Each structure stands twice: as C-alpha cells, then as structure tokens.
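**Q** This is what each chain is made of:
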Amino acid sequence: DTAVSQTPKYLVTQMGNDKSIKCEQNLGHDTMYWYKQDSKKFLKIMFSYNNKELIINETVPNRFSPKSPDKAHLNLHINSLELGDSAVYFCASSQVNRGRGGYTFGSGTRLTVV
Amino acid sequence: DQQVKQNSPSLSVQEGRISILNCDYTNSMFDYFLWYKKYPAEGPTFLISISSIKDKNEDGRFTVFLNKSAKHLSLHIVPSQPGDSAVYFCAASRNSGYALNFGKGTSLLVTP
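Protein chains in written order, with our numbering: chain A, 1 to 114; chain B, 1 to 112.
The shape of chain A in the complex, shown without the other chains (with noise of 0.2 Å):
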C-alpha cells in the first residue's frame, strides 16, 4: 500500500501547455510539501501545506499554483509550461506535531517539456 502516491510518474507535454500533478498520502499526516529536482539534482522546496493552508510558498512563478482539497491531498497545477520547468516533481508528507521524523517521498514525476 502506497504511502504517498504521485500521479502521472512521467509526463510529456508542449510549451504552452497547462498540465497537473496529483499526490495523495494516505499515512494521516498533517503536512504536504512539493519539492522540485532540477538538473542540477538540487532538491528545492516549492510549497507546504499544512492542514490544507499554505505555510511555504518559496520563490515559484505564478504559473505554479498548489490545490489541497483536504489533507491528504496536495495537487499541483502548471499553466503555460515553459522548457524550464522540466524536471522532477517529488511530493512529500510529514506528522509535524507529533515530534520529529522524516518526510515519506513519492517517488516522482518526471515532467519533460518540449
């Protein structure tokens, strides 16, 4: 059983294109990160939730808008892709208050825009 489960695991897609990421963790915790690997392999913060409101929102383009409906659900919504946002997407959860312990990752979304 999938801890934290991303949707599509690779995506192809033109400039211009609107697309999304789904990710759902099904472990109860209260906080839900996105984290983006370039090509450098630098893992950056993108946005957290915690309890569906937004408590990270790094330095992203505007194109980029994260949706959590409920806790254990964190989407991510990319209008007009550019070349630049090819990457891999890494959704990640984490139990803040019940003391420390690591994120649980997905295991990614490759996004290739040509």
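These are calculated hints, taken from the structure and not from any lab test.
Quick caveat: nothing in here was measured; it's all calculated off a predicted structure.
All the pointers check out, no bait thrown in.
Listed below are several chain B residues computed to face chain A (Cβ distance under 8 Å; list not exhaustive): (1) Ser49; (2) Ala99; (3) Leu100; (4) Phe102; (5) Lys104.
The beta carbon of each residue, even a glycine, is placed where N, CA and C say it ideally should be.
Once you have looked at the hints, place chain B on chain A.
**A** Below, chain B alone, put in the same frame as chain A:
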C-alpha cells in the same frame, strides 16, 4: 543560496569497508539533520537523523556524527554493502514546521 552542501558528488568504496559521506551547513539556526537515500526512479527514503543536542546517533550499520562548531555532519556506513549503492542526501531544518533544506547529494558506489 545553498545552505546545505555536499561537496563530493560521488564516492566509490569496496564492499566491507567504511563509507563516509560528508555534509556542511551554513545556517546556525538549523537544529535537526537527516540523511536520505535515493535509488533511481524512486523518491528519497529517510535513513537516519540527529538532533543538535546530540553529537552521534547510531542505527545498525549507519552512524551520523554532528560537529556543531564546525557546522559539519557525516554519515558512516560500516560495513558497506553493494545494496548501499545509491545517492545520499543530507538535509537540515530549523525546527518542526520548517521545510527541509537539502544538499545536492553524493552518489555512493559500493563495489564487490
């Protein structure tokens, strides 16, 4: 601004020997440090962590050492096994509720 640095992009070690992966950080507010392991086409998986009140944490073959004055931590794997071959990410955070800051990763290859 990269606050967590892993200066060795790769490391090759023989099976049975010790692997030592290093990590430096710049933000003195960090008080919690973690190591993650990542296989290709998978997400990072949590390996071991250490709080700033400790200088060592051990879990089986894995030990993390923290030197706060040097803002340095290291992961020791003894003995190294071929299945340990993966990318290892160092991460740090300020406190609960803050996002993890990751290093660029070190690719470990354990050869038979």
